[in-house]
Each structure stands twice: as structure tokens, then as C-alpha cells.
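Undergrad: Take these sequences, add in the hints, and give me the full structure.
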Amino acid sequence: MKNLKYILCFAAMMLCFMPIMANEEGGKVDVNGTVLGHIKDSYEWHIIGSHENAVSIPLPVIVHSSTGWHTFLSDKILEGKVYEGLTIAEEGPNAGKIVEKIGSVEQSVFDISITKTVCVLFIDSFLLLLIILLPARWYKNRKPSDEAPKGFVGFIEMLVMYVVDNMIKPSIGKGYEKYMPYLLTCFFFIFFANVFGIIPFPPFGGNLTGNIACTFFLAFCTFVITQFSGTKHYWKDIFWPEVPLALKAIPLMPLIEFVGIFTKPFALMIRLFANMMAGHAIALSITCVIFVAATMGYGMLAGLGAVSLLMSVFMLTLECLVCFIQAMVFTQLSATFIGLARIHPEEE
Numbered sequence: 011m012k013n014l015k016y017i018l019c020f021a022a023m024m025l026c027f028m029p030i031m032a033n034e035e036g037g038k039v040d041v042n043g044t045v046l047g048h049i050k051d052s053y054e055w056h057i058i059g060s061h062e063n064a065v066s067i068p069l070p071v072i073v074h075s076s077t078g079w080h081t082f083l084s085d086k087i088l089e090g091k092v093y094e095g096l097t098i099a100e101e102g103p104n105a106g107k108i109v110e111k112i113g114s115v116e117q118s119v120f121d122i123s124i125t126k127t128v129c130v131l132f133i134d135s136f137l138l139l140l141i142i143l144l145p146a147r148w149y150k151n152r153k154p155s156d157e158a159p160k161g162f163v164g165f166i167e168m169l170v171m172y173v174v175d176n177m178i179k180p181s182i183g184k185g186y187e188k189y190m191p192y193l194l195t196c197f198f199f200i201f202f203a204n205v206f207g208i209i210p211f212p213p214f215g216g217n218l219t220g221n222i223a224c225t226f227f228l229a230f231c232t233f234v235i236t237q238f239s240g241t242k243h244y245w246k247d248i249f250w251p252e253v254p255l256a257l258k259a260i261p262l263m264p265l266i267e268f269v270g271i272f273t274k275p276f277a278l279m280i281r282l283f284a285n286m287m288a289g290h291a292i293a294l295s296i297t298c299v300i301f302v303a304a305t306m307g308y309g310m311l312a313g314l315g316a317v318s319l320l321m322s323v324f325m326l327t328l329e330c331l332v333c334f335i336q337a338m339v340f341t342q343l344s345a346t347f348i349g350l351a352r353i354h355p356e357e358e
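Last residue of the sequence shown: number 358 in the numbering used here, and the count goes up by one each step with no gaps.
Honestly, the hints are just simulated from the structure, not real lab data. Wrong hints could be hidden among the right ones.
For lysine-lysine, the following DSSO-like pairs were computed, each having C-alpha atoms within a straight-line distance of at most 27 angstroms [to be verified]:
(1) Lys111 x Lys153
(2) Lys107 x Lys188
(3) Lys188 x Lys150
(4) Lys107 x Lys86
(5) Lys150 x Lys111
(6) Lys242 x Lys184
(7) Lys111 x Lys91
(8) Lys160 x Lys150
Ranges between beta-carbon positions, derived for each pair [stated by the list, open to error]:
(9) Ser76 x Thr327: 48 to 54 angstroms
(10) Ile67 x Tyr172: 35 to 41 angstroms
(11) Leu326 x Ala105: 27 to 33 angstroms
(12) Leu326 x Ile141: 18 to 24 angstroms
(13) Gly78 x Ile292: 51 to 57 angstroms
(14) Glu100 x Glu167: 47 to 53 angstroms
We put the beta carbon where it would ideally sit given N, CA and C, even for glycine.
TA: Below, the structure written as C-alpha cells:
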């Protein structure tokens, strides 16, 4: 009850200051820019504020242009600035990307900069290693007869056993042990990346799993492992399935099965990307209603602001559940695809 009072007091203070924050932007709230700015990748890590009042962390730029390699912080080329012949394109096919400005012509460059998504990837990977390896040290020199772990170590063990016993083992069957490292890595990486993504302050807050490049790589790994795990019976069912001879003469079924090889990992990629991106966009859009209401006066702020605040809390709570569900779905489907590829003909 005491914590609830603090939350309500904080919410009341935010509602009081929101009209002032809105007026600083001329009475207008850029909802589209706020939402897309969080979802899209960027060369800076925005913390708070907007335009001239924005507080952000510049990130390292590493590019190769016609004049060689360039390394500097991104604040030198933000907001239309040109540094060493490089700038960020504001429009055209390279909009939002670093280009080399030669006169009035913008030329693309080889870009391996540490963007916000890359930075979040490094941070999440490092934290994931700590979260997994530190509890693993607890098991060193332990015996099966020792007392079960408690606290955080027990929580990690519970998740591991849940994934193995309810997803990996039933879906793959015999020989599932060699696929456990990859599938457990997928589950914990997606789960913690999702959780870190809804924490709104650095070093968290990055929309890592809402970036299609990240979900593409995870789905591609599942695709490669599935195909290399395929048995002769798996490939026979694709190219010479047990169907009437007329359907084999017209290779419709083999074509459908062959396309299915690619549609399965494609569905993995799109499902995770779309769900996480949409969740972030909806949660931010609902929160922005508070700032929009603040520009309409205290009457609208009291009504719409209170509703938006409650909906924002609900959406963030729902997002916590979605973080686990999406990690579970990706791992479950990956294990199912691998298990189907390892199928053997039934013994007569």
C-alpha cells in the first residue's frame, strides 16, 4: 500500500508537469517521430527531450568511403552536419544512413558503425553471459544429493528445466541433447532481449528483437540446423512424397514441400519481429496520448491522461507476458522443425 502511494504521487507530478513539457514544443507533440524514433535504429542513443532540448549519447561511427576509413562520434554528423565529407542522408533511398557528400551527389559508403541496435546487442549479450554463467558456477563441485538451489539460481534452473522438459525433449525426441545448447541460447537470448527492451532507460530500452536483422539471423540459424539435421526420409518426403503417381508426374507437391523449407523460418522471423515491434509501438502510442492531452488543457489531461496512464501500465504488464511467450514460441517452433527433419520411417 505504501508503494502504491508513491506511484500515485509520481503519476500526479507527471500529470502536472506534462503541460509545461508540451508547451516547450510549441503545443505540438510529434507522436509519429517519437514512436518511430524508438523503433528504428539510430546513430545516437536518445535519453530524454527532443530537438534542441534533447539529451542523447553519441555512438561510434566507423565507415569506409572513397577517402579511406573514418572513425568518430556521431554527434559530428547529426542534424545535417557534414564532417570529413560524410553526413546522414535526410531523404532519398539512403535516408537515415551515412553517405559521402561529393558536391550535390550523395554516395553510399561501407558502414560498420556501432549503432543503437548493435550497442544494445553487445550489452544484452554481455548481461546474458553474466546471468547464465554466474548461476552455472553454483553447480561446480555440487552433488546430485545436495540441496536444490534457491533464489535467482533456482529461477534460472526452473526456466532451463521447463524449456528442456516441455519443448526440446518432446519435440525432438531421441538425441535431443545435442540441440539443447542452441535452443536454450535462443530462448534466453530472446527472453532477456525482450525484457531489457521494455525497460525505458539506458543501458536498456533498445528494440533489439523488433529489428528484422536480428530475427532474420536467428531464423537463419534455425534454418541451417534444420536442413543439416534432415534424414533421408525427410528429403524423400520433400522431393518424392507418398502421393498418387499423377501428382508426382506434375511436381506440385514437391514444389509445395520445397517452398515450405523456406516459409517455416520466414514465419519465425516475421512472427517475432512483428509482435515485438507492434508491442513497442502500441505501448508508446498510448503513452503519447498523455502528452497530446496536455496540449489541450488540464480538463482533457485529467480525463485522457488518467485513462492513458492506466492503459500504459496495462500494456507494459502485457508486454512482460509477451516477452516470455515470444521466446517460448520461437524455441518451440525451432525444436519442432528440427524434430520433423529428424523423422525416421516407422518400423513395420
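Undergrad: Each hint: holds or not?
TA: Outcome of the hint check:
1. Only pairs whose Cα atoms come within 27 angstroms are accepted, and Lys111 paired with Lys153 is rejected, the gap being roughly 65 angstroms.
2. Proposed proximity of Lys107 and Lys188 is contradicted: the alpha carbons are some 41 angstroms apart, above 27 angstroms.
3. Restraint check for Lys188 and Lys150: satisfied, since their Cα atoms lie roughly 21 angstroms apart, inside the 27 angstroms limit.
4. About 14 angstroms separates the Cα atoms of Lys107 and Lys86, which keeps this hinted pair within 27 angstroms; it holds.
5. Between Lys150 and Lys111 the CA atoms are separated by roughly 57 angstroms; this puts the pair beyond 27 angstroms, and the hint is violated.
6. Between the alpha carbons of Lys242 and Lys184 the distance comes to roughly 17 angstroms, so the proposed pair stays at or under 27 angstroms and holds.
7. The straight-line distance between the Cα atoms of Lys111 and Lys91 is roughly 11 angstroms, inside the 27 angstroms bound, and the hint therefore holds.
8. At most 27 angstroms may separate the alpha-carbon atoms for a hinted pair to count; Lys160 and Lys150 meet this at roughly 15 angstroms.
9. Hint check: Ser76 to Thr327, Cβ distance near 51 angstroms, so the stated range 48 to 54 angstroms holds.
10. A beta carbon spacing of about 37 angstroms between Ile67 and Tyr172 agrees with the range 35 to 41 angstroms that was offered as a hint.
11. Checking the proposed 27 to 33 angstroms range against Leu326 and Ala105 shows it holds: the Cβ atoms sit about 31 angstroms from each other.
12. For the pair Leu326 and Ile141, the supplied restraint of 18 to 24 angstroms holds, since their beta-carbon distance comes to about 21 angstroms.
13. A hinted range of 51 to 57 angstroms is violated for the C-beta pair Gly78 and Ile292, which are about 44 angstroms apart.
14. The hinted range of 47 to 53 angstroms is satisfied by Glu100 and Glu167, whose Cβ atoms lie roughly 51 angstroms apart.
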